[in-house]
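*Asks:* Protein chains in written order, with the working numbering: chain A, 1 to 467; chain B, 1 to 467.
Treat the hints as calculated values from the structure; they're not laboratory data. Treat the numbers as computed from the prediction; the structure is a model and nothing was measured. Accuracy of the hints is not assured; some may be wrong.
[Unchecked claim] Simulated pairs of lysine-lysine, DSSO-like, Cα-Cα distance not exceeding 30 Å:
(1) A/Lys301 / B/Lys301
(2) B/Lys47 / B/Lys434
(3) B/Lys376 / B/Lys417
(4) B/Lys376 / B/Lys434
(5) B/Lys47 / A/Lys301
(6) A/Lys434 / A/Lys376
(7) A/Lys47 / B/Lys434
(8) A/Lys250 / A/Lys301
(9) A/Lys417 / A/Lys47
(10) B/Lys47 / A/Lys434
(11) A/Lys231 / B/Lys301
(12) A/Lys376 / A/Lys417
(13) B/Lys250 / B/Lys301
(14) A/Lys231 / B/Lys376
(15) B/Lys47 / B/Lys376
(16) A/Lys240 / A/Lys250
(17) A/Lys47 / A/Lys301
(18) A/Lys417 / A/Lys434
Number of protein chains: 2
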Amino acid sequence: MGYTIQSVLIPTEQSYATVDVQLEDDRIVAIAPQLEARGVVIDGRNKLLLPGFVNAHTHSSEMWQRGVIPPVPLELWLAELYDFTPLEPEQIYLSALGTAVETLLSGGTSVVDHIVLIPGQEAETIAAAVRAYREVGIRAFVAPLIQDEPFAYGLPINGSSPAMEAQVLSTEATLDLIRDAVNQFHNPDAGISILVAPTGTHLCSDALFEGCIELSEQYQLRRHAHLLETKVQQLRAQEKYGYSAVTHLKYLGYLGPSTSLAHCVWLDEADIPILAETGSTVVHNPLSNLRLGSGLAPILKYRQAGVNVAFGCDGSASNDSQDLLEAIKIGSMLHNVTDFDYRHWISPRAAVEMASLGGATGLNLADQLGSLTVGKKADLVLYDLTHLSLLPRTDPIGLLVLGRPTQVVYYAWVNGKAVIADGAVTTVNVADLKQELWNRSQWFIEHQSPLRAAIEARYRSIMDLPL
Amino acid sequence: MGYTIQSVLIPTEQSYATVDVQLEDDRIVAIAPQLEARGVVIDGRNKLLLPGFVNAHTHSSEMWQRGVIPPVPLELWLAELYDFTPLEPEQIYLSALGTAVETLLSGGTSVVDHIVLIPGQEAETIAAAVRAYREVGIRAFVAPLIQDEPFAYGLPINGSSPAMEAQVLSTEATLDLIRDAVNQFHNPDAGISILVAPTGTHLCSDALFEGCIELSEQYQLRRHAHLLETKVQQLRAQEKYGYSAVTHLKYLGYLGPSTSLAHCVWLDEADIPILAETGSTVVHNPLSNLRLGSGLAPILKYRQAGVNVAFGCDGSASNDSQDLLEAIKIGSMLHNVTDFDYRHWISPRAAVEMASLGGATGLNLADQLGSLTVGKKADLVLYDLTHLSLLPRTDPIGLLVLGRPTQVVYYAWVNGKAVIADGAVTTVNVADLKQELWNRSQWFIEHQSPLRAAIEARYRSIMDLPL
């Protein structure tokens with residue numbers, strides 16, 4: 001089934017044009033004024049068509065913990081997260097659905113889910129997320145979050161030898177898990193890709209990174225990881241390697257045009273050209289970086305150095321939403337306070353390109369996704385410009401990026417299929433989803449995190465904070 | 001007509017309680033479990049009741065320019081704003097309606113409108129805004145934006161003598177305008193207050209500040225102004241006074257518990273105790289400060305020094321929305337990156353208090369507004385906790401502040417009157433408003449700002465930026 005979107009506004013180099021856009025199967029097949037109508041005809045008047053955005057870093061199951069963790073830095077926040085992590089594959093399925101729905105309703109058509117695995121049910125976790133993404137019809141990049149070193153390595157260890165948690169898999173078992181997931185689920189043409197995605201240098205051995213590189217070469221998998229989200233991670237990298245984490249990832253061969261790296265807040269000046277030379281992508285998660293006090297990632301410097309930058313929401317417990325338009329707004333204006341020269345600031349049009357083509361580039365799919373181009377995949381979003389939040393009429397992209405649009409996604413197509421029509425998700429029943437989320441949760445009145453209590457004094461000492 | 005809100009969740013010191021809340025006339029008259037039903041009965045189950053927030057600084061008519069001004073700093077942005085400013089009182093009326101509706105739908109029940117006056121139609125501008133606020137029923141603090149020095153004084157003048165624009169009123173005529181507005185419209189009990197509100201030290205003479213102090217004493221008016229929003233304003237204050245703008249405002253006698261000051265980004269350490277001692281309020285406008293690259297206001301330092309802080313959206317052309325929940329979210333988490341000690345960070349509960357009681361305190365109305373207290377004015381907001389953006393259930397205030405709630409305001413009362421019921425504005429027709437905003441606007445395809453072009457080279461030179 002194809003579509004003809006008639007008389008729709010699309011951005012041109014400096015301005016806008018009114019055109020018809022035709023979709024056939026999974027592709028954009030024509031963009032021109034007054035095409036002959038074919039397939040389903042959509043009235044595009046008073047609407048803006050853009051390429052779908054990529055939610056380039058999230059952890060879907062954190063949806064169960066959103067709103068509940070107090071404002072504390074990553075290392076303490078992680079302790080609280082682990083204490084309250086969901087433990088049933090059915091919860092994974094529901095939060096993946098919720099993450100996908102919120103992403104779609106805020107302009108995203110792809111999601112990179114750095115998914116936290118339930119100890120002992122790792123394969124079931126991956127299967128539950130894949131099931132959700134297949135049902136909802138978002139383009140999903142499922143990146144199982146793996147590590148093979150103790151949780152305590154998240155802080156500098158200062159010569160001690162923390163014990164491994166019983167539930168962490170060995171390096172070999174971890175790599176086997178990913179290989180199995182690839183064999184079972186990896187099918188990019190059908191919209192599901194498996195990524196190799198070590199947590200980050202602070203919790204992963206060289207053997208794990210090397211195994212991931214092998215798998216990614218064998219199966220053509222994209223690569224993902226966290227990178228230097230916090231000052232503590234920078235300290236730990238120096239302690240572990242004696243030099244920067246970026247240099248070490250380069251030495252291991254993990255960097256490259258298929259590699260996207262979440263956060264990149266605490267890089268040195270010398271690290272930046274390494275990302276540029278290797279064609280690696282930075283995924284900027286502005287709301288998480290603020291919420292956790294991680295810092296201001298030097299995004300303007302990355303862009304000036306030619307590093308590709310994409311946007312992510314990060315998990316719902318560090319945001320605490322999956323609204324991609326909010327991440328794009330804050331992620332593009334936040335850096336204005338870091339450079340008096342406004343010629344370096346990110347314009348709304350640049351922000352749209354980062355969110356779409358930048359996201360596609362981070363997945364080494366810029367030839368397939370990320371722009372309104374004949375022959376590319378039909379991953380598109382049609383915005384209704386008549387909503388109060390986008391009025392009065394001025395510059396549509398300015399309103400969309402700088403404003404706070406709500407309920408403005410009128411249609412969204414993934415792989416040529418309309419997953420949102422008339423403002424509603426077509427593939428899953430959102431009322432049922434809400435009911436399930438309601439039934440399986442309760443108002444947290446008070447909570448205490450034993451793990452946080454166990455590490456807080458050490459954290460404060462490392463960060464040179466009064467006890 | 002009164003209301004009984006049954007079985008509703010309200011915050012207690014550390015937790016939540018389920019109670020009934022009774023409103024009569026303009027007041028909260030009872031808060032207790034299982035009250036005898038009186039008046040209209042509202043089912044409060046699965047809902048959260050909070051005091052209404054104060055949108056403590058905005059410029060309503062900027063709604064006409066939202067989305068259209070590129071990312072540039074305040075001084076250049078102002079030039080673009082002036083070039084495209086609305087010029088008809090009917091536009092003022094419509095954008096005041098729009099500002100009120102967006103504020104109400106995001107938890108605000110009061111708005112401080114530092115309203116830009118149409119040259120030559122100053123009185124008509126004020127009248128149009130007052131008409132809108134009376135109709136929509138929000139509690140309005142109308143603060144006509146006045147100045148009596150040339151626009152060029154917005155930048156350091158370095159000994160030159162810029163000419164006065166023909167359309168700027170004299171100091172006396174300006175004060176007469178405010179006196180007339182007070183006589184005609186100032187009626188706090190009915191929900192309309194007039195404030196004295198010089199633009200700021202950079203564009204106002206001492207005589208204007210002194211005249212405003214006299215008026216405020218004569219009529220018990222609240223005081224408002226911008227304060228040190230940008231580095232350029234700090235430079236200009238040093239040039240104009242030879243010392244800090246805060247010291248000068250103290251010397252003039254403008255500070256005090258009825259004075260709220262928007263932005264306060266570029267204060268010195270020594271300025272902070274002056275704000276605390278005088279009981280003045282800082283209005284934090286985080287989205288505007290980011291959008292214009294003004295800087296990170298030292299909000300954590302203000303709070304530690306005992307300075308009251310409230311939140312504002314600022315005008316829609318520097319935000320570009322009037323969603324108060326967004327300003328509260330970003331304004332409370334933004335400062336986590338300025339202090340490694342998370343014990344100083346703003347919790348969701350503290351953010352709610354800043355937005356409600358902090359806003360009321362900034363208007364010297366903490367005895368009347370800003371908390372769920374028997375005897376206080378019934379300015380209340382009832383949030384529907386069953387919306388997807390607030391699920392799954394965890395901590396209601398955490399979800400509301402840290403998440404991205406949309407369409408969650410179920411009821412809002414101002415002065416005991418329900419201005420939102422069942423999620424819809426009861427007082428004005430929002431569909432008609434949208435149609436008017438649509439009819440009176442057009443897609444801006446390209447625009448040039450002559451005024452910006454005229455001052456840009458000077459701006460870059462002052463800021464030591466390459467030409």
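*Asks:* Hint by hint, which ones does this structure get wrong, listed from lowest number up?
*Replies:* 4, 5, 6, 14, 17
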